[in-house]
Amino acid sequence: MERCGPGLGYEEPAERARQQERHYQLLSELQALVKGLPSSCQQRLSYTILSDLALALIDGTVFEIVQGLLEIQHLTEKNLYNQRLKLHMLKQEMFHRHKEAQQSCKPHNLPVLKAAQQRELEAVEQRIREEQRLMDEKIVLELDQKVVDQQSTLEKAGVSGFYITTNPQELTLQINLLELIRKLQQKELQPEKAFP
Numbered sequence: 030m031e032r033c034g035p036g037l038g039y040e041e042p043a044e045r046a047r048q049q050e051r052h053y054q055l056l057s058e059l060q061a062l063v064k065g066l067p068s069s070c071q072q073r074l075s076y077t078i079l080s081d082l083a084l085a086l087i088d089g090t091v092f093e094i095v096q097g098l099l100e101i102q103h104l105t106e107k108n109l110y111n112q113r114l115k116l117h118m119l120k121q122e123m124f125h126r127h128k129e130a131q132q133s134c135k136p137h138n139l140p141v142l143k144a145a146q147q148r149e150l151e152a153v154e155q156r157i158r159e160e161q162r163l164m165d166e167k168i169v170l171e172l173d174q175k176v177v178d179q180q181s182t183l184e185k186a187g188v189s190g191f192y193i194t195t196n197p198q199e200l201t202l203q204i205n206l207l208e209l210i211r212k213l214q215q216k217e218l219q220p221e222k223a224f225p
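Here the numbering used here is used: the first residue of the sequence shown is 30, the next is one more, and so on.
For the record, the hints were derived by calculation from the structure and aren't laboratory data. Quantities reported herein were computed from a predicted structural model and do not represent experimental measurements. Careful: at least some of the hints might be erroneous.
[What the hints assert, rightly or not] Here are the simulated lysine to aspartate or glutamate pairs, DMTMM-like style, with alpha carbons at most 25 Å apart:
hint, residue 1, residue 2
1, Lys115, Glu160
2, Lys175, Asp165
3, Lys120, Glu160
4, Lys115, Glu151
5, Lys185, Glu100
6, Lys64, Glu199
7, Lys175, Glu122
8, Lys212, Glu106
Using the sequences and the accompanying hints, generate a full structural model.
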């Protein structure tokens, strides 16, 4: 007969009790946070969904996953914004070049220069419009793919309510679930208030 070391036989029930207590704490906090959501969302977040979410949050892994996904999303948005900004900087650089050229131009050549600059401006504006349209399409596709990646990652992590979907109601529910997770994470990170 195999013997257990001191206390080894009692750790598992103690661990289960600790996890159960943590589950109830997280569930209670989630239920309190849900009250701040619109009533249409509150109705869709059943006790079962919140309980499953609390279970997924117990060990803190989901908080880390959500934080990582958020950082990736922010980097993607910043990168896409910078790409859009570069297009608009082209036009500003051209205005600056045109102004310098006009200041150094002899007065009798100014009408010819301005006409050439106007043609260049129109061509650049047309190019910027077309590139902007293509870039906007690319941005929408890239952000849609980020949503799918986030849904897939959270589904694989076992987070209740997450699966790949484009249904607007389901997306709204998932956004609300993410917001609940983020608020809980922020609450968890706050230092305990000292009592006087």
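Are Lys185 and Glu100 close enough, with their CA atoms no more than 25 Å apart? Given pair Lys185, Glu100 holds - Cα atoms ~19 Å apart, limit 25 Å.
Holds or violated: Lys175 with Glu122, Cα cutoff 25 Å? violated (33 Å)
Pair hint outcome, Lys115 versus Glu151 [Cα-Cα no greater than 25 Å]: Satisfied, since the Cα-Cα distance of roughly 18 Å is no more than 25 Å.
Given the hinted pair Lys175 and Asp165, is their alpha-carbon gap at most 25 Å? holds (15 Å)
25 Å limit on alpha-carbon distance, applied to hinted pair Lys212 and Glu106: Within the cut-off at roughly 22 Å; holds.
CA of Lys64 to CA of Glu199, is that 25 Å or under? holds (19 Å)
Hint consistency between Lys120 and Glu160 [alpha-carbon to alpha-carbon, up to 25 Å]: Given pair Lys120, Glu160 holds - Cα atoms ~13 Å apart, limit 25 Å.
Pair hint outcome, Lys115 versus Glu160 [Cα-Cα no greater than 25 Å]: holds (11 Å)
Consistency with the previously given hints fails for number 7 only.
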